[in-house]
Amino acid sequence: MIAFWLLAPVMVVAALGVLFARKAVHAALLLAVVMIGLAVLYLVQDAPFLFAVQIIVYTGAILMLFLFVLMLVGVDASDSVVETIKGQRVLAILLGLAFGALLVVGVAQVTVGTVVGLDQANTDGNIQGLADLLFSRYAIAFEATAALLITAALGTMVLAHGERMEPKLSQRETADKRMRDYAEHGRHLGPLPAPGVYARHNAVDTPALLPDGTPAESSVSRVLAARGTVRSAGRLADDIEELTRGLRDDGSSNVPGEPDATPKGPIEGDPSRQGHDRASDEEVQR
Amino acid sequence: MSETPFLVLSAILFTIGAVGVLTRRNALVLFMCVEMMLNATNLALVTFSRVHGNLDGQVTAFFVMVVAAAEVVVGLAIIVTIFRTRRSASVDDASLLKY
Numbered sequence: 009m010i011a012f013w014l015l016a017p018v019m020v021v022a023a024l025g026v027l028f029a030r031k032a033v034h035a036a037l038l039l040a041v042v043m044i045g046l047a048v049l050y051l052v053q054d055a056p057f058l059f060a061v062q063i064i065v066y067t068g069a070i071l072m073l074f075l076f077v078l079m080l081v082g083v084d085a086s087d088s089v090v091e092t093i094k095g096q097r098v099l100a101i102l103l104g105l106a107f108g109a110l111l112v113v114g115v116a117q118v119t120v121g122t123v124v125g126l127d128q129a130n131t132d133g134n135i136q137g138l139a140d141l142l143f144s145r146y147a148i149a150f151e152a153t154a155a156l157l158i159t160a161a162l163g164t165m166v167l168a169h170g171e172r173m174e175p176k177l178s179q180r181e182t183a184d185k186r187m188r189d190y191a192e193h194g195r196h197l198g199p200l201p202a203p204g205v206y207a208r209h210n211a212v213d214t215p216a217l218l219p220d221g222t223p224a225e226s227s228v229s230r231v232l233a234a235r236g237t238v239r240s241a242g243r244l245a246d247d248i249e250e251l252t253r254g255l256r257d258d259g260s261s262n263v264p265g266e267p268d269a270t271p272k273g274p275i276e277g278d279p280s281r282q283g284h285d286r287a288s289d290e291e292v293q294r
Numbered sequence: 029m030s031e032t033p034f035l036v037l038s039a040i041l042f043t044i045g046a047v048g049v050l051t052r053r054n055a056l057v058l059f060m061c062v063e064m065m066l067n068a069t070n071l072a073l074v075t076f077s078r079v080h081g082n083l084d085g086q087v088t089a090f091f092v093m094v095v096a097a098a099e100v101v102v103g104l105a106i107i108v109t110i111f112r113t114r115r116s117a118s119v120d121d122a123s124l125l126k127y
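Here the protein sequences come in this chain order: P and Z. For the first sequence, the positions run 9 to 294 when my numbering is used. For the second sequence, the positions run 29 to 127 when my numbering is used.
Think of the hints as simulated: they come from the structure by calculation, not from any bench. Be a bit skeptical, because a hint or two may be false.
[Said to hold, decoys possible] Okay, derived cross-link-like pairs now, DSS-like style, lysine-lysine, Cα gap no bigger than 30 angstroms in a straight line:
no., chain 1, residue 1, chain 2, residue 2
1, P, K94, P, K31
2, P, K31, Z, K126
3, P, K94, Z, K126
Please work from the sequences and hints to get the whole structure.
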């Protein structure tokens, strides 16, 4: 009973956390707490097999599957707080409280009689007892489970399968297409220009500069441009403008963006620090 | 070791899961709440199994787990498919059938 009183508050708090967590990852981790707590409660109640299954299947497989899909779908896909049906949230919470109160009071009122305990049923061992039942009284249900699992696996494969709409281009066809583009539209035959490498930025999100000082749009990935993470060509041009003006005005080496005293730690332009670097650069420039 | 506290905990967890299903909008969190409801019923099943002194409750809990696993796999595949076409995991966005 000690295990129960220790675990029950933790589990209820974690369950409430699932309810209120803004981020889905936090909800998943809190759900793991609830499930491990339940596993221990199974162990306390003479169900060692279910304890193992709960840990392996629920916390091990199902929850990890949740996390995988979370990574696929995007971790920052947080909940919207907009109510689509007016008053639905308040109503849901009120109904939930009423339902919970009803259930708890009802369950607490019921007397089930004396607790028999599983000592006799588990005399041959819990797993042996479960196996006896599974392969005798519940044999048909067990077989149906097998069918269900096969169907689920097949259904998932069908659902997750992405159909290829057009035939895959071979290397030769790609080369031919390039040549055709060159012949008909005069498009550049060689590879695309590499992104810019400068003293302050050398990440893939910074466009290269053409000889006349304008940024080459084709030097950054289209995907990055669509996401809006690319340092825009206009802003880059402004920066360069400011940089050169600063050089011209002062005549000294007081280049904006140059750290005055504080060392900035890791290499500048390190992609993981881009946002931070950019912010600090702007501060210095102002 | 009486059975009432276990049943009360089961009821509380079930209620929290139900409220979560009603209020949350993210399809994944919604799904987690469904899992929590299934787990809560499992706890009740295991408790009753001990109360009555036979293993049928545990076998049923085992079947619930199997069905939950199958359900999660298919459900997550559906979520991934919806996300692929609609770029959103919110259940409010999957409302084309309404119009």
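So, going through the hints one by one against the coordinates:
1. P:K94 <-> P:K31: With a Cα-Cα distance of about 23 angstroms, the restraint between K94 of chain P and K31 of chain P holds, given a limit of 30 angstroms.
2. P:K31 <-> Z:K126: holds (28 angstroms)
3. P:K94 <-> Z:K126: Holds, at about 17 angstroms.
In terms of the numbered hints stated before, the structure departs from none.
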